[in-house]
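K.L.:
In case you want the letters, here they are:
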Amino acid sequence: MRQCELLVIGGGPAGLSAAIQAAKAGAKVIVVEANAEAGGQLVKQTHKFFGSKEHRAGTRGIVIAQILRDQCKEYKVEVMLNSLVMGIYADHVVAIDVKKSLTEHSIERIQAKKIVISTGTSENSIRFKGWTLPGVMGAGAIQTMCNYHRVLPGKRLLMIGSGSVGLIVCYQLMQAGAEIVGIVEALPHINGYAVHASKLTREGVPIYTGYTITEARGTDHVKQAVIAKVNPDWTTVPGSEIVLDTDIVAVGAGMKPLIGMAYMSNCDLIYDKALGGWAPSHSENMESTQKGIYVAGDTTGLEEASTAIEEGSLSGIAVAESLGYIPAAKAAELKDAAWHRLNVLRSGFKGEERAIAKRKQLARYDAVMKGGK
Amino acid sequence: MRIMNHPILGEQKDIEWVTIIVNGKPLKAKKGEMILAALHAEGIIVNRYTTKRHEPRGIYCAIGQCTDCMMVVNGIPNVRTCITPVEDGMTVDVQEGLGKWRGDK
Chain D
1 MRQCELLVIG GGPAGLSAAI QAAKAGAKVI VVEANAEAGG QLVKQTHKFF GSKEHRAGTR
61 GIVIAQILRD QCKEYKVEVM LNSLVMGIYA DHVVAIDVKK SLTEHSIERI QAKKIVISTG
121 TSENSIRFKG WTLPGVMGAG AIQTMCNYHR VLPGKRLLMI GSGSVGLIVC YQLMQAGAEI
181 VGIVEALPHI NGYAVHASKL TREGVPIYTG YTITEARGTD HVKQAVIAKV NPDWTTVPGS
241 EIVLDTDIVA VGAGMKPLIG MAYMSNCDLI YDKALGGWAP SHSENMESTQ KGIYVAGDTT
301 GLEEASTAIE EGSLSGIAVA ESLGYIPAAK AAELKDAAWH RLNVLRSGFK GEERAIAKRK
361 QLARYDAVMK GGK
Chain V
374 MRIMNHPILG EQKDIEWVTI IVNGKPLKAK KGEMILAALH AEGIIVNRYT TKRHEPRGIY
434 CAIGQCTDCM MVVNGIPNVR TCITPVEDGM TVDVQEGLGK WRGDK
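Taken in order, these protein sequences are the chains called D and V.
All letters in the first sequence, in the order written, are residues 1 to 373 by the numbering used here.
All letters in the second sequence, in the order written, are residues 374 to 478 by the numbering used here.
All clues given are correct.
Some, not all, of what chain D presents toward chain V, calculated at C-beta under 7 Å:
1) THR46
2) LEU152
3) PRO153
If you are wondering where the hints come from, they were derived from the structure by calculation, not from laboratory data.
Here a beta-carbon is modelled for each residue, glycine too, at the ideal position from N, C-alpha and C.
Starting from the given sequences, assemble the full structure and let the hints guide the process.
P.N.:
This is the structure in structure tokens:
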């Protein structure tokens with residue numbers, strides 16, 4: 001059985017950042033990535049990032065992914081692609097299904113001194129009549145098809161949800177030549193950043209606030225969608241229906257942390273709506289309640305790629321410190337700097353409620369470790 | 374529909390093509406792209422029909438999580454076409470229910 005000092009589960013922005021920090025300090029690091037390419041959801045993010053220069057503002061997600069992959073190479077991180085972690089067993093033995101071709105795969109076991117879980121999120125769905133018809137898909141799916149595979153699965157699109165993902169994806173589809181027939185938002189107001197919404201309304205895209213989808217129509221694929229006004233009690237207003245011709249209904253109904261690995265490892269979990277649901281509680285070092293198992297990025301609560309990078313870096317520094325590669329004083333300095341950047345990211349519009357939720361996660365960790373629970 | 378020109382990603386040039394056989398008919402696919410992308414480039418959007426109600430299913434997550442895009446590939450059922458790359462001469466068939474292995478009656 002192979003051994004390594006740090007095994008990272010999931011090669012997205014958090015996982016790669018953890019690997020880079022630990023490897024830079026001298027640790028032997030392996031990243032296990034289920035896809036054919038590392039980078040996580042950054043590989044389809046053609047937009048420039050917000051924030052300050054230290055958070056790579058003004059740089060496109062696809063470029064950040066390449067920078068992270070290059071740094072992994074520079075610090076000799078081993079990245080296993082097409083490799084799916086099946087489980088974490090006793091003594092930090094990780095079982096991995098390595099896909100080699102359509103018909104060939106092998107099972108590899110690796111024992112790691114430390115583990116970082118950075119498995120990201122999965123998209124939420126909503127149910128309505130016809131929601132299983134081909135043409136109804138996740139907002140992330142249409143973004144993957146458009147920006148990564150460079151194929152449009154239809155000409156006209158209706159977006160359900162006006163959060164950041166819904167708005168950004170609509171704009172990117174417009175750039176690629178699709179027509180946006182509308183954006184539907186059940187809340188009485190637009191949920192994402194006004195700057196993104198304005199880009200769309202300037203182009204004449206209607207945003208139906210206070211509306212929801214009630215039906216997708218078609219025989220073997222979507223041809224029409226029916227939307228209706230929402231009452232305060234979430235029923236729909238009879239007679240308010242609008243029928244729209246569309247090929248695609250994209251569902252941007254938020255995301256939830258992918259916590260399978262943390263759950264299997266008996267990490268303590270805490271529920272918070274502001275972070276997308278259940279997520280593992282953790283220390284300021286990003287260590288879960290299971291010693292030696294760290295958590296970073298959206299798997300510990302839905303945020304953004306920039307926070308995932310910082311949390312990943314933080315966990316990588318903490319791992320390197322605990323392995324003896326970084327002296328305590330130097331580690332404290334690096335971790336303080338990372339926390340400062342995280343606090344900046346968790347301020348302002350939408351940031352404050354995440355900051356509060358994160359403080360609850362840290363408090364929960366302390367309570368559990370003291371045996372309070 | 375393929376996006377040949379993109380304001381940020383640029384132009385797709387010097388594409389190397391392979392041929393896959395979809396439901397018995399040849400289809401041009403970009404070397405190394407995922408099966409699902411090749412199908413959508415040509416407007417093929419039904420991947421499978423469900424076991425009990427024979428309802429059509431197509432792309433839903435596009436990142437290998439949901440299994441709605443499963444098809445019979447080279448005679449092997451339940452292959453997630455969104456994360457399986459094309460190979461020259463590969464056969465891809467719409468899946469009925471849980472699918473049949475090549476050679477099954």
